[in-house]
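Colleague: Put chain B on the given structure of chain A with help from the hints.
There are 2 protein chains.
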Amino acid sequence: MYPQFSFEITHRSSKSKARCGKLVTPHGAISTPNFVFCGTKGAMKAITAEQLEATGAEIMLANTYHLYLQPGPNVVAENGGLHKMVGWNKPMLTDSGGFQIFSLGHGCVADEIKGRRNFMGTRGKTLLKISEEGAHFRSYIDGRTHCLSPEISIQAQRKIGADIILAFDECTPFHVDPTYTARSMDRSHRWEMRSLREFKRSNDNTQAIYGIIQGGIYGDLRRESAEFVSTNEFFGQAIGGSLGGTKEQMNHVVACTCEHIENNRPTHLLGIGHMGDILNGVKNGIDTFDCVHPTRLARHGGALVDPSTNDGHESININNARFIHDTGPISHTCTCYCCRKFSRSYIHHLFKARENLGGQLLTIHNVHFMEDFMKHIRELISASKI
Amino acid sequence: MYPQFSFEITHRSSKSKARCGKLVTPHGAISTPNFVFCGTKGAMKAITAEQLEATGAEIMLANTYHLYLQPGPNVVAENGGLHKMVGWNKPMLTDSGGFQIFSLGHGCVADEIKGRRNFMGTRGKTLLKISEEGAHFRSYIDGRTHCLSPEISIQAQRKIGADIILAFDECTPFHVDPTYTARSMDRSHRWEMRSLREFKRSNDNTQAIYGIIQGGIYGDLRRESAEFVSTNEFFGQAIGGSLGGTKEQMNHVVACTCEHIENNRPTHLLGIGHMGDILNGVKNGIDTFDCVHPTRLARHGGALVDPSTNDGHESININNARFIHDTGPISHTCTCYCCRKFSRSYIHHLFKARENLGGQLLTIHNVHFMEDFMKHIRELISASKI
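Protein chains in written order, with this note's numbering: chain A, 245 to 630; chain B, 245 to 630.
Hints were generated in silico from the structure; no laboratory data involved.
The structure presented is a predicted model; accordingly, all values stated were derived computationally and were not measured.
Only true hints are included.
No copy labels: a pair is met if it fits in one copy or bridges any two.
The list that follows gives simulated cross-link-like pairs (lysine-lysine, DSSO-like), each with its CA atoms no further than 30 Å apart:
id: 1; residue 1: 334; residue 2: 596
id: 2; residue 1: 596; residue 2: 328
id: 3; residue 1: 585; residue 2: 334
id: 4; residue 1: 369; residue 2: 596
id: 5; residue 1: 266; residue 2: 585
id: 6; residue 1: 261; residue 2: 619
id: 7; residue 1: 334; residue 2: 619
Chain A on its own, in the form it takes in the complex (with noise of 0.2 Å):
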């Protein structure tokens, strides 16, 4: 069914789960694990597709929601599709529209999946309604209804162009009880199935597609969940839905829903991107993983460090005073182009002066950064370290 893709799993660690593989699209193949940078509306925002890829990121995501609001699927067709509209000649995936949805109808996606806000209070924002049928909401643009169903979102994924697409599901959320979990997934299964029905029906093998494990914290639900993928003929799987208010809580669902999953299938991690989380997936056995988190705390002042050289923090925050006259790199032992060229001073005057500048050469170390740090992980799988 996806003669254009494959997964080789190159490597297992003696130690853990972890695992090395090649991802091969019609693309060109990456390197797992590995790290999804998010491009949202088509543009990483503050970088280039060719910055993008001088940092070595092998591969990118955008977001079918917001993609569908604004340019609409038609015009990125028009434009041959999402890898020629936004210069980026090389993997791509796209989520299936039903995570923003729903995250949007309560907070934010991260609030969200790492249980940071309270589910009952504040959902309904935009969205209106869930049927059988798909989820009906409000455009966060022009206020205008739609409904997103499976054969809808597989559509418009059809139409951008991804090599790798998503099943549409509902993103679980994390101050629920079971029962609703359980309804929820049990729906996000039937939701999928129509997914990888509208998929077959259209398929013309330029394109694969993940199912998405639900469950919420709910180990059993997990399982079920990672069963019903496996059993189905997606090429690949990822783990959706809240994973849990703290860290053990996540590392334990991700743990118990991994045990469960098909093992020779890549599977991906949503929505995490902290160092510490994504080596505990990878030796879970995750494969690539994706998050706002690098790019957007980029935009923001914050440079991703050696947790080793910085008291076990990842990031330092160039909008401090204390870098003024701090004429070092933000790494020295970085090679991107911010770190070969621009000081710590030059940076947070940037910032200071409210330079966009500032935004985007802290992107490109951080792109950068998070490529090093991924290879590094292959490194270490390799050698059975971890």
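Modeller: Frame of chain A, contents of chain B only:
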């Protein structure tokens, strides 16, 4: 006095006063006529120095006024000077700071030199007092009071370290009578002599100083000021102050000033960036121009195009709904990254989605476009076609 600098006129048009030349600085040479791109606070705002260089740009400027207030000349010096700080290893120019003090005192620079604003009604917003010593003003950042004098300006420009620096003058506004303009010009001349003395006192041969020709819209004053600058040891000259309220008046002021300049020195026209005005300046013998116009226009969605293909207009506004489905490039003949890779439809989407990348791509185009335009002008001069 300027062993590391030279200006050689390589061709004079037989049709006008237009000439081609080569301006050599310690950071390399530029071909003239050329355009100086504005990196006001030590940043090209939307693009990196690397992207600026990739467009073919040969020279940039920064504003002493802004850098004086933030991060301060000492911080620039600690970073090894502005070239090193901003990652630009080609020729660079700084103004003296006077231009901004007077402009921000009553409006914006462009309004003022182009006579678009009534001077008497609004002056004094941040400009507190002009004394023989210098200009007393309030910081637009924190409200603290400062005095910029010829000596302080030159010392600041030394620390910043651009190749070409400007003498400190009063930027005479538009709506003032000949008496005030003459008095202001005389003070500018005294300030310029003090600038030159301070320059000589600290001369280490790494910088060259331009005198500034004032005199407002009055031909006799412009003549007197041109002769003053010509008879002193400036490496070049810049035409500053008000150029009048209409294109005709601007052309008249430029023409009558150029009749009296020292012909073998490089001549810069301050703050002019529209194609038609540049062409007129070139015909009068102007060698370099600067203006925020091409880059500011880009950040607001304006893309420069050949006026002969656009009903005589120098730009299109990509925000216009007619570009939603326009899958062609900004310009079919332009070879910049933006035109090679992206459609008008995509850039329209970026602006509609408020993605900064839109301004970044149009900045790349507009800078490349201006470089092409200046190259075309040099070819026309070489063939004595203008």
